[in-house]
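S.K.: Protein chains in written order, with my numbering: chain H, 2 to 144; chain X, 2 to 144.
It is possible that some hints are incorrect.
Each pair may be met inside one copy or between any two copies, as identical chains are not told apart.
What the hints assert, rightly or not - In silico BS3-like pairs for lysine-lysine, Cα to Cα no more than 25 Å straight-line: (1) Lys-94 - Lys-138; (2) Lys-51 - Lys-72; (3) Lys-51 - Lys-138; (4) Lys-127 - Lys-51; (5) Lys-127 - Lys-72; (6) Lys-72 - Lys-138; (7) Lys-72 - Lys-94; (8) Lys-138 - Lys-127; (9) Lys-127 - Lys-94; (10) Lys-51 - Lys-95.
Hint data in this document are derived by calculation from the structure and do not stem from the laboratory.
Fair warning: this is a prediction, and the values are worked out from it, not measured in the lab.
Number of protein chains: 2
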Amino acid sequence: MRTSCRFAMAVHVLAVLAYQEGDRVTSAALAGSINTNPVIIRRLLLALQKAGLVDTCRGAGAGSRLSRSPKRINLAEIYRSVEACESFATPSKKPNNACPVGHCILEALDVIFTSAQSAMERDLAKTTLADVIARVKASGACK
Amino acid sequence: MRTSCRFAMAVHVLAVLAYQEGDRVTSAALAGSINTNPVIIRRLLLALQKAGLVDTCRGAGAGSRLSRSPKRINLAEIYRSVEACESFATPSKKPNNACPVGHCILEALDVIFTSAQSAMERDLAKTTLADVIARVKASGACK
DNA sequence: CTTTTAAGTAACCTTGATTATTACACTCGT
DNA sequence: ACGAGTGTAATAATCAAGGTTACTTAAAAG
């Protein structure tokens, strides 16, 4: 399976913002930590803004910061804000309707996919951004 | 998100084989139901063979059939046999090691991803191929 | 009010993965 | 031996994502 790395980048971005504890961070600085282009970060931040997770200012001395405490942001929210479509794909061509299986397999698959995706999101919801930061800080201390 | 549809196709293929209850089905016939190329189906069948889910014969009058009862095949097995890599991706470029978050975010993400993927597979494991067939037959009866 | 900083955004390129397609060798039953 | 059908390689066609450049807009600072 091949998926986008938007979720990984979003968690990274928010972790940096949480680490800065309220100081605004520019897209260029974030891009430096993630090692990518500032425009990629800005596109990601737009999605996070719409989800109400970050608060971004334009102009001189601007940048982004979390709009909530890291304790109150869970990973499922982050996932949903940056990953628009479903994890599972079906073929672009429709199955053969003349086949007894083909004519209704898509409905059966949809039930399966929805359930699996929900299970995944419930698991993600168990972890907060604060948990992630705690692990990052612990790991940094060990090193 | 961009994912493969191998899992969807694999479930479809196995559902057709289950529907045929032991009769061998050719890759061309399967391709007809799924509306794709026989070679795609053969490649999928190779993975399902390795996982011990199907039994394929070559030569005249050949084809594939399930190697076990549909009741004893669950969707997590199917998923693992055809989807090699992990569901979640990280950026191709490594994060900036000089950043306190960047230098250890990958480890933190790995824990998160592994947990979420396990949750998803546990959910898939709850459904068997027999369950899928039952839904397909019920849906066909209604129509 | 001008300058400067940085976000918003459009346009385009590059890359990589996946499906699709063609072609051919190999097996096995008849 | 023949024919049906799988195994497999090579290649093309698609397509989405990330990356890049360039320009516009907003807001603070002087």
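S.K.: Determine for every hint whether it applies to the structure shown.
M.R.: Status of each hint after checking the structure:
| no. | hint | in the structure |
| --- | --- | --- |
| 1 | Lys-94 - Lys-138 | between (48 Å within a copy, 22 Å between copies) |
| 2 | Lys-51 - Lys-72 | within (19 Å within a copy, 45 Å between copies) |
| 3 | Lys-51 - Lys-138 | neither (28 Å within a copy, 43 Å between copies) |
| 4 | Lys-127 - Lys-51 | within (22 Å within a copy, 35 Å between copies) |
| 5 | Lys-127 - Lys-72 | within (11 Å within a copy, 32 Å between copies) |
| 6 | Lys-72 - Lys-138 | within (15 Å within a copy, 47 Å between copies) |
| 7 | Lys-72 - Lys-94 | neither (44 Å within a copy, 29 Å between copies) |
| 8 | Lys-138 - Lys-127 | within (19 Å within a copy, 37 Å between copies) |
| 9 | Lys-127 - Lys-94 | neither (37 Å within a copy, 28 Å between copies) |
| 10 | Lys-51 - Lys-95 | neither (34 Å within a copy, 27 Å between copies) |
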